Amino acid sequence: MVDIIVFVVSAAIILTGAIGVIAARNPVHSALMLVMTLFGVAVQFVAQEAHFLAAVQVIVYAGAIVILFLFVIMLLGVDKAEELDVGRLTAQRPMAFLAGAGVLASVLVSLLAGDESITGAREVGRAIIGGEDEADFRQIGRLLFTDYVLAFELTAILLTIAVVGAVMLARRVRGEAVDADTYLPEQARRRRIRETPVLLRTPVVETSDDMAEANSGGGE
Amino acid sequence: MNNLLHLSQSVLAQNEAIPQLPTPEIAWSAFIPLLILAVGGLLLLTFTSLMPAFAKSSWALTGYTVAVAIGTIVACIPLWNRVQRVCEAGEVCQAGAFSTAAGAWGVDGFSIFLTILMAASVALAALVMHDYLETEGLTGPEPYVLLMLSASGGVIMASANDLIVVFIGLEILSIAVYVLAGMHLLRLASQEAAVKYLVLGAFASAFFLYGISMVYGATGSTSLIDIQGFLATNVLTSNGTLLAGIAMLLIGFGFKIAAVPFHAWTPDVYQGAPSPVVAYMASGVKVAGFAGLMRVFLLAFTDYAADDWRPVMLVLAIATMAVGAVLAIVQTDVKRTLAYSSISHAGFIMVGVHAASDVGVSAALFYLAAYTFIVAGSFGVITLVGRKGDNLHALSDYHGLSRRRPMLAVVFTIFLLAQAGVPLTSGFFAKFYVIRAAVEGESYVLAIAAMITAVIGAFLYLRIIVAMFMSDPLDDHGEIDANLSDEEAAAARIELRDKVTAAEGPPIRIPTLAAVSIGLALLVTVAVGFLPGLVSGFANDALPQLVAAGS
Amino acid sequence: MEITANWYLILSAVLFSIGVVGLLIRRNPLVMFMCVELMLNAVNLSFVTFSNALNDVGGQVAVFFVLVVAAAEVVVGLAVIVAIMRRRPTATADDLSVLAG
Amino acid sequence: MSLTSLLAFTEAPAEIVTSPVDDLVFLIPLFPLLGFVALLIGGRKLGEPMAGWLATAACGGAFAMTLVVFAELVSRDYTQRSINQTLFEWVPAGEFSVDIGFLADPLSIAMALFITGVGTLIHLYSIGYMHGDVNFSKFFLYLNLFVAAMLLLILGDNLLLTFLGWEGVGACSYFLISFWFTKDANATAGKKAFVTNRIGDWGFMVGIFATFFTFGTINYVDLTDGAMEGVAQSTITAISVLFFIGAIGKSAQLPLYVWLPDAMAGPTPVSALIHAATMVTSGVYLMTRLNPFLAASADWVPSMIAWVGVGTALFAATIAVAQNDIKKVLAYSTVSQLGYMFLAVGVGAYTGAIFHMITHAFFKALLFLGSGSVIHGMHDEQDMRKMGGLKKFMPITAATFIVGWLAIAGVPPFSGFWSKDEILVFAWNENPGLYVVGLITALLTAFYMSRQVFMTFFGEPRFAHSGSEAAHGVEGHGEAGEMAEVGAGGAAGELAESSAGGAGTALATTSAAVATMDADPGDGDHADHHGDDHAHAGDPHESPWTMFVPLIVLSIAAIVAGGLNLPFTKDLHFLEHWLEPVIHENEAKLGFKGGTKWVLALIAIAAGAIGMMAAAAVYLKGRVDPAKIELPVLAKGWGLDAAFSSFMGGPGRWLFAFLAWFDANVIDGIVNGTAALTSGGGSLLRRFQTGYLRNYAFGLSIGAIATVAYFISRTAL
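Chains as they are written, first to last, in the working numbering: chain A, 3 to 222; chain B, -11 to 539; chain C, 50 to 150; chain D, 60 to 776.
Treat the hints as calculated values from the structure; they're not laboratory data.
Keep in mind the model is a prediction, meaning the values are calculated, not measured.
Warning: the hint list may mix true and false statements.
Restraint-style ranges between C-beta atoms, simulated for each label pair [stated by the list, open to error]:
| id | chain 1 | residue 1 | chain 2 | residue 2 | range |
| --- | --- | --- | --- | --- | --- |
| 1 | A | Glu155 | B | Asp295 | 36 to 46 Å |
| 2 | D | Gly739 | B | Asp295 | 30 to 40 Å |
| 3 | C | Ile52 | B | Cys81 | 51 to 61 Å |
Counterexamples of contact, computed for chain D against chain B with all Cβ distances above 12 Å [claimed, not checked]:
| id | residue |
| --- | --- |
| 4 | Val280 |
| 5 | Ser293 |
| 6 | Phe651 |
Computed footprint of chain D on chain C, listed as stretches where at least three residues anywhere in the stretch have a Cβ under 8 Å from a Cβ of chain D [said to hold, decoys possible]:
| id | segment |
| --- | --- |
| 7 | 63 to 73 |
| 8 | 144 to 150 |
For glycine and all other residues, C-beta sits at the position ideal for the given N, C-alpha and C.
Given these sequences and hints, build the entire structure.
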């Protein structure tokens, strides 16, 4: 009974948080809602006896990743409420829900179509949770240094890349963007794209007049 | 010193209660190519931080990167020999494919072949990158570091025998490329490309991970060896989870190789990203994507689920070939045209993968090898024509290229003909082999679709060639009125000349290193076009194998 | 009534779908990233569930790696967004659509 | 897998008869290839005319080498007449291994002889014709490459090598059609040739694959009648049809003929060499080479080939009647004559096909070169309505052209008569319907060729004559400048109309501007050059010796080539006997005696005569020419004049107009429509590439759902 209550409550937290993430106007709220979901997931980890992961989930995800999100939001000062209208893609929203429903349906069918034994291999028994009196972090640690030692070592490269990449991209550079003129307002741009060339004939060159006209139409 | 020894002994003594971990055997020789590439990248970071002068010399950076790439290739040779060796009766020797690190790392002809390709694409891209970075004022060793590390991700994907390792390889490959795509901070297009690539890449990664999770749930392992063994010895009462997992894995790989309908990012990213990076993306990243795809699908899922995924692969291959070719035709931007054409090429390679036979795999590998050089060379030329700012990629920028830079135009023509699959280029045999594989696998629909697409595709390359050779730039800027008097006509001619010069933009420089890169690519393209045996023999020997560790 | 693995898996599928929908409807690249995190969490949940059902700790190790990858992805993703937002502070994902056709 | 094994020359298979010549076959294509390489490296430095002489020598070397091999084969015993030289293994792919190897047997050597022979003459001719062109050396570079590729096509010992040559000649043809690519129309014509040929290539390619998977080999020596046994007839039928698709693309048969008339935009020697004598006959070669396939396939395949051939022959002949461009008449005539060759293949007269191919190579090359000489002499005028009476100005050209005319019109003893007669005899043997259509075509051929000759060489000059106007020098110059545009834009079709009115006084004013442009280096153009060179005289003039010597040689060949296979007695069937080792038992047998042959021959002669007389009636009547006065009388006596006149004025004109319209709209429309469909589809798909990240993600998820859904549908519950 307790199981069910824990599950239902944590599931409610997870889903509320998730819907909050995608529905909140303000990115800060989204981030906070994300924390909520992450906590809910952590609770379910505990319920499935993955204590170590639950801790990691809270520390790494809630403690580091979400903080990083919030930090960036504050740094850029984009914490004002975003217009939740459909923007330029009017049909996108209903289609998005359809797509979401499609993903959900296909995954659910695949998971539940058969009998109750979803998983083919019962008792693979590489390390038995609760079978021995061994803490799960020990088991995880052991696996990390035996079966998964290669993957574990390779994450070093991954993290280096993340650091190098972040440093490289966050560098401040002076100077005007070289291709700012292509980032014109919508209409001027669309017109150019629509010009589909005739097959195999060398297309008409976009003359500089055209560009100038587009620029004067609404330069930034 | 003694004290230290004592200390460690005492620590050991204290922990005697803890059982020693049975850490798996590591055959270090198997990792040498990867180590050279990855550690080479990491060491470059160290060097440049310790010796700022090193970081300032762009020649040193490029030279180092090329040396690392060559080192990787050289290190592959003894491994290849070992894998291809056959022990004589009674002889005790190390021979054949093997796996190590608890079976997570497989060394076979397949992985070595693709490692060499990855390293080659790094070298080609680095050579082109040298001048580009200098012209664009992008300093620092980071692009080279990321290039090498990204390629090591590809190497990992080609050798991984575990889905988790494949995934980590995929992420190493991708994240580095996301950064490279956005590295030109003064080009908004570059940034846009990075954001699109990254968000969609993360999206696709999530599907991929979900797939791993489902496969794990269905089989109880993420190791390809275990999965294959499990599926071979067990009958699943319900295989829905497994099949959905395979589908999700296919989506993840499909994104990386830019298969239709997971291709939408490709043209935008290729167009926006710095051209030398595109040279790497189109060659290296695609090779890596196919490496992972073939390794996972051919090793783990062919015996069990080939009938399930092959039809999907068939549809994807046809869609990829056709959509790529058709969309390429209507483009006005050469870089974008070739982006679509690279999608079409992916479809051709998928024809080989679809066959799921030895012939098919070696055809796909041959295609990858030929394609790597062709596309790296093509984007090398595009980099040069793009000039400073990397913006001059419109078809009109290629008008009269044969007059301004005849050699460049001829070389580009050869690459384009190779992409079209014209005989006497490597591209011809690439197409020939995959179509043969399809016919041999009795997939006539696929073979016919491939041939029709090849015909359609010929248009688009022809268009660029026509623009280079057969367009007089004067035609684009009006003609001289025939009724003018002599003096007026002469004046009009001068005016026209000026107009043409203005429209042509700055002169096209051909830097030495870029020329070396393009020349190498050309050499391989033509040589393999005459003697396909140079590569096809290796491709035939490079079939993926699944060998459990310790056996 | 007993909590079976299916319950968790269904929850995970729902969470994954919400993440998909979020990525398709939001225009703020930061929020789009959060949606990716939702999807990854759904995957984590299913890994742990399978791990529990299979009585195999391998699934938990996989979650560990997912965490690492997610962290790396977020770092780079946020760096790209910072780089672009510095130049155009109001940019939404829809504004980044010059490359098209 | 080692490099050394790759490059090692493998031993030629052991043969009973061996000689040093066995190892020299590869020299035949090597000579022009070397010429190509030499011109590629030093062509520009060599310049004019050395580059041309080098290329001619390279082609001549190939001819000499072919003669050597030919002599060797002749000296051998009948069954030993085949040399198969393998150079090295080319495409290793498991059991599918392809060698670079050459097969010199009666068929390939017969073709190589006339290809290199005619090729050398056309090279020689081009030295004069291309005089002054800025891309002089480039032209010869392409020509040599073409000859090399053509020889590879003929001499290759397997289908893939033939395909390589097939693609090579296609590429060269494409380059040469677009040789004067400064004008749009030439590039368009080149494009058209490229596209149509790709359709045929597709059939060829699939055919190669199918052959390999059926027989396990693609070597000609293994694909014998014996190999066909035990293979399902339906398979062989399918393969034959595929190769036939390849053949009609290359040989310009219905419905893929469209490119050939347009290909006349290229320089005239190219039309003579590639689009008349050699390349376009490679489809016939392929069909002859693969005669075991045709013999073993279902009966409807040869019938279809015969009907397609004869249909093309008639169709093209009717169109030729309505053409005014001197080269276009010849182009449609080529299509028509190729139709005869396919008719021959279809009725099993392989010897007849090759015979006609050889004679046609001579007389059609002659006619094309003659027309080139006319165009050259007329300062790039191609409209026959502005010619007339040229035999006074260009006696040698006229005389040789007339020889070609008599040959193609089927006048004995000129070569064309013998080969055409042989084909018609076999057509009668197979199906009288084929014979009748073939005969009508023969009549039409005689008619339109006579028309061409009369309009060009006889009658009153219809061009501006020197001495008639004082300011002629200026006008002549201006006209040349104007014609530069028209001539280069030949593919545009109705060029005659566009230029007919314009060549008046306005030209004099433009000539100054043209002259200024000419002075600019790098912008020169072939025709501009003529404008400069011949500005001093507007009269047509005879061509230089490099041009008329080939004409004379070819006209001699066109007269005597009939001797290759005279029908009178068995002993005179030289060609048939020569080709026997290749064709074996697949040559059709005549089911009637010599008497019928005589009757058929007389009918054919009569048909030719009627055609010629009709033409004379229509085109010479009323234009006073006392020497020819008897022809109109004859025509009037037979009452054909009125019939023809009314036919030409009424329904005939409509018919021809319709055919021209059909050609310009429907056939071109299909080609262009395919292109439009592709680009239209592209534009449509392009809409989905919106640039919006969210759209892309949406597309990705739809793809994901579809993929997963498919896999779920495969779930075993």
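Outcome of the hint check:
Under the hint 36 to 46 Å, the C-beta atoms of A:Glu155 and B:Asp295, about 37 Å apart, fit the expected range. The supplied range of 30 to 40 Å is met by D:Gly739 and B:Asp295, whose beta-carbon atoms lie about 37 Å from each other. For C:Ile52 paired with B:Cys81, a C-beta distance near 56 Å keeps the hint of 51 to 61 Å intact. For D:Val280, the shortest C-beta to C-beta distance to chain B comes to about 22 Å, beyond the 12 Å cut-off, and the non-interface label holds.
With a cut of 12 Å on Cβ distances, D:Ser293 stays outside the contact zone with chain B, its closest approach being about 15 Å. No beta-carbon of chain B is positioned within 12 Å of the beta-carbon of D:Phe651; the least distance is around 45 Å. Only residues whose beta carbon comes within less than 8 Å of a beta carbon in chain D count, and the segment 63 to 73 of chain C has 3; three or more means the coverage holds. With a cut-off of 8 Å between beta carbons, the segment 144 to 150 of chain C has 6 residues touching chain D; three or more are needed, and the interface restraint holds.
This entry satisfies every hint, going by the numbered hints stated previously.
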